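J.: In case you want the letters, here they are:
There are 2 protein chains.
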Amino acid sequence: MKILQANEQTSIKRSVDNGTEEQRKIVQKIIEDVRKGGDDAVKSYTEKFDGVQLQELKVKNEEIAEAYGQLDDSTITILQEAAENIRSFHEKQLRPSWMTTEENGSMLGQKVTPLDSVGLYVPGGKAAYPSSVLMNVIPAKVAGVKRIVITSPPDKHTCKIPPAVLVAADIAGAKEIYKVGGAQAIAALAYGTQSIAPVDKITGPGNVYVALAKREVFGDVAIDMIAGPSEIAILADESAIAEEVAADLLSQAEHDEMASSVLVTPSRTVAEKVAEEVQRQLKTLPKHEIASQSIENFGAIYVTETIEEAVETVNNLAPEHLEILTKNPMSLLGQIRHAGAIFIGRYSPEPVGDYFAGPNHVLPTNGTARFSSPLNVDDFQKKSSILYYSENALKDNGEKIAAFARLEGLEAHARSIETRLK
Amino acid sequence: MKILQANEQTSIKRSVDNGTEEQRKIVQKIIEDVRKGGDDAVKSYTEKFDGVQLQELKVKNEEIAEAYGQLDDSTITILQEAAENIRSFHEKQLRPSWMTTEENGSMLGQKVTPLDSVGLYVPGGKAAYPSSVLMNVIPAKVAGVKRIVITSPPDKHTCKIPPAVLVAADIAGAKEIYKVGGAQAIAALAYGTQSIAPVDKITGPGNVYVALAKREVFGDVAIDMIAGPSEIAILADESAIAEEVAADLLSQAEHDEMASSVLVTPSRTVAEKVAEEVQRQLKTLPKHEIASQSIENFGAIYVTETIEEAVETVNNLAPEHLEILTKNPMSLLGQIRHAGAIFIGRYSPEPVGDYFAGPNHVLPTNGTARFSSPLNVDDFQKKSSILYYSENALKDNGEKIAAFARLEGLEAHARSIETRLK
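Top line first, the protein sequences correspond to chains A and B.
Mapped onto my numbering, the consecutive letters of the first sequence carry residue numbers 699 to 1120.
Mapped onto my numbering, the consecutive letters of the second sequence carry residue numbers 699 to 1120.
Keep in mind the hints are simulated off the structure, nothing from the lab.
Treat the numbers as computed from the prediction; the structure is a model and nothing was measured.
Please note: incorrect hints may appear among the correct ones.
No distinction is drawn between identical chains; accordingly, a pair holds when it is met within one copy or between any pair of copies.
Simulated crosslink set (DSS-like; lysine-lysine; CA at most 27 Å straight-line) [unchecked claim]: (1) Lys1120 x Lys844; (2) Lys1093 x Lys1025; (3) Lys1025 x Lys981; (4) Lys1093 x Lys790; (5) Lys971 x Lys1120; (6) Lys858 x Lys756; (7) Lys1120 x Lys1025.
Required output: the full structure, derived from the provided sequences and hints.
T.: Have a look at this one:
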């Protein structure tokens, strides 16, 4: 793992695959076809891309019951316990509507309302990610969203959605699940088909076609962020244990070749020990190939002069995950401006948050923690402003409001006020 | 104004101008040129599109002082009073960071941090909109954003930005203002030039080129919503005064030809009286042409069987602005699910909120109130999750977390936990 000097240009930004013009055209065509052809178009694309012929798109209750039978009881218990922790954390994000009253009798406020419906895209592929189902569905449920839809491509061999995904969906409280993947799933969620009613917001990760489709439908429905590759930054001083630091860097690197694992430390000794440990631990990893490439291309150890400079480097990186492994980690929290999730101390390695503790694992990547937040309850609610002016309030302020309107050349606005003042 | 029967298809959605392929290419070229050419490219586009040759992009302090001299004292006072109301309302949106403690010594929480920098685009053209400056800058200021940048195209004749905009910016607390408009302004804000440092988020309305540029840079920086044409829905019963209802419909219609003004009422008498009043009042409006076209194409009066049906029609519309003009308007508030801002009772006509009361006038348009909120302090802050697991917490839960990781095929995640459990 390369050891470098940190400077102001130090960045984890990777160029994200935004798709080619050709891919964009393909996605536009799929969306158009689904809008016109509905279920038939969805089924024909599912046959084409997933190699599965479907009679019905919707997952049956029996399939969900069957999925429970395919998991160990201990696995089900862990999923339930994780769900409970996630629910408990997200309930603390809930905010009430509020209203203020003024002496002149006016009232102003903010009303918080859940979205009517949301759709979660769950990618298919080699592994099933039930944690992703919990992390997306539970905040929506806590927010009060009535209709929560999941779409996921069916497996080519079983023609089904993996049991862990179905069980996680059931535990989280999502009852409406469709065996549809790719851009056709996004189109169906955005515009509806005969069997899939449209939703107001679409969340969840996906491949480049899914990401392009989300970009296309953005505006007609809401979307979450377009997720980039994952990353971790570890801020460590000489008290950090190299074996643990290396294990955490590798847990990020195994995700995919584009993942980025970065250590920032004022200690050259720690830097060198961690570099060695990474090489040692890499050898025995099942995902050796992926992790090696990630470490080679997007891994780095940045050595700084001081711990303050290390903190500033972390703020420049704005990492998705940040671990603070220093003697007194809590004392640095106030200085961290940009990070998706902050893991404090050696007993809080990143996987604690990926699966179990409660905070969301859907986090801003690729430097976007500068302006974005973890997925949270607010993402599934919206606010309405409330204005109630009393007669006195309008009498006191009406002329000023009318004057302001005329300053902007909007006479009808002024008259709307003045017709009440007569 | 046409009187129709409301039904489930009743909608205010207008097809928004998303630009042509050719316009998109032009915008991409401008962005590329600004990224490469910096200030020179910005100046050359400003000459080309705004007809103004600039030496310096930045507005000088003297120009701001001069702007004060060009406004009436009473205007300045109104701007200051409006700013104070807006500040006071948005301060109530502020939320603290929070942390919970568990019996096993763990702590979980959410840290709230302002964005480092934001840029506000202020359109040029016929009228100046100081209210838009107040409504965008103040929430950012309240959120704690340190660097707030404004860009706006210079006027062709004066080579300057209108005095009301400069004074509003100064009152709101934005000190860094550039005479740049169009896609070149968005590119400069997103990627920076020699004299304009890049920002983390761009807000504010603009023409189709500005909207396309915001779409292009989305992801590299955050953007607010892409605003569509404005609209109002008025929910009225037989107690509503036709003259006032008509005045309010027209105050929306004068904005632009695409604006939509809709009345929903169970009273056919009110419907007919309002239709007459609209015709009568239209005649004397300075913006007669615009308002007539808007009413003709996107105005409608929907008559329902009952007040409940009227409420449901309003929820289907999800209007940007909603006025409730009924005998007991407050009692309907709980049933309104989708609306950007809700104006209650006859002394709260929309212009009260457009300029003065305090809630934001940047609102979700074109039905997007189903899933979007008024511009607010949250838009200028982001959250970081905080996770601190105690040694006990990891001992109690570590094996479960490792098992979950292995269920998803992520061995290095499991090892990151287990290296601490040895």
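J.: Now tell me, hint by hint, if it's right for this structure.
T.: Here is what the structure says about each hint:
no.: 1; hint: Lys1120 x Lys844; verdict: neither (46 Å within a copy, 45 Å between copies)
no.: 2; hint: Lys1093 x Lys1025; verdict: between (62 Å within a copy, 21 Å between copies)
no.: 3; hint: Lys1025 x Lys981; verdict: neither (30 Å within a copy, 76 Å between copies)
no.: 4; hint: Lys1093 x Lys790; verdict: between (42 Å within a copy, 25 Å between copies)
no.: 5; hint: Lys971 x Lys1120; verdict: between (81 Å within a copy, 20 Å between copies)
no.: 6; hint: Lys858 x Lys756; verdict: within (11 Å within a copy, 60 Å between copies)
no.: 7; hint: Lys1120 x Lys1025; verdict: between (71 Å within a copy, 21 Å between copies)
When each numbered hint is compared with the structure, violations occur for hints 1 and 3.
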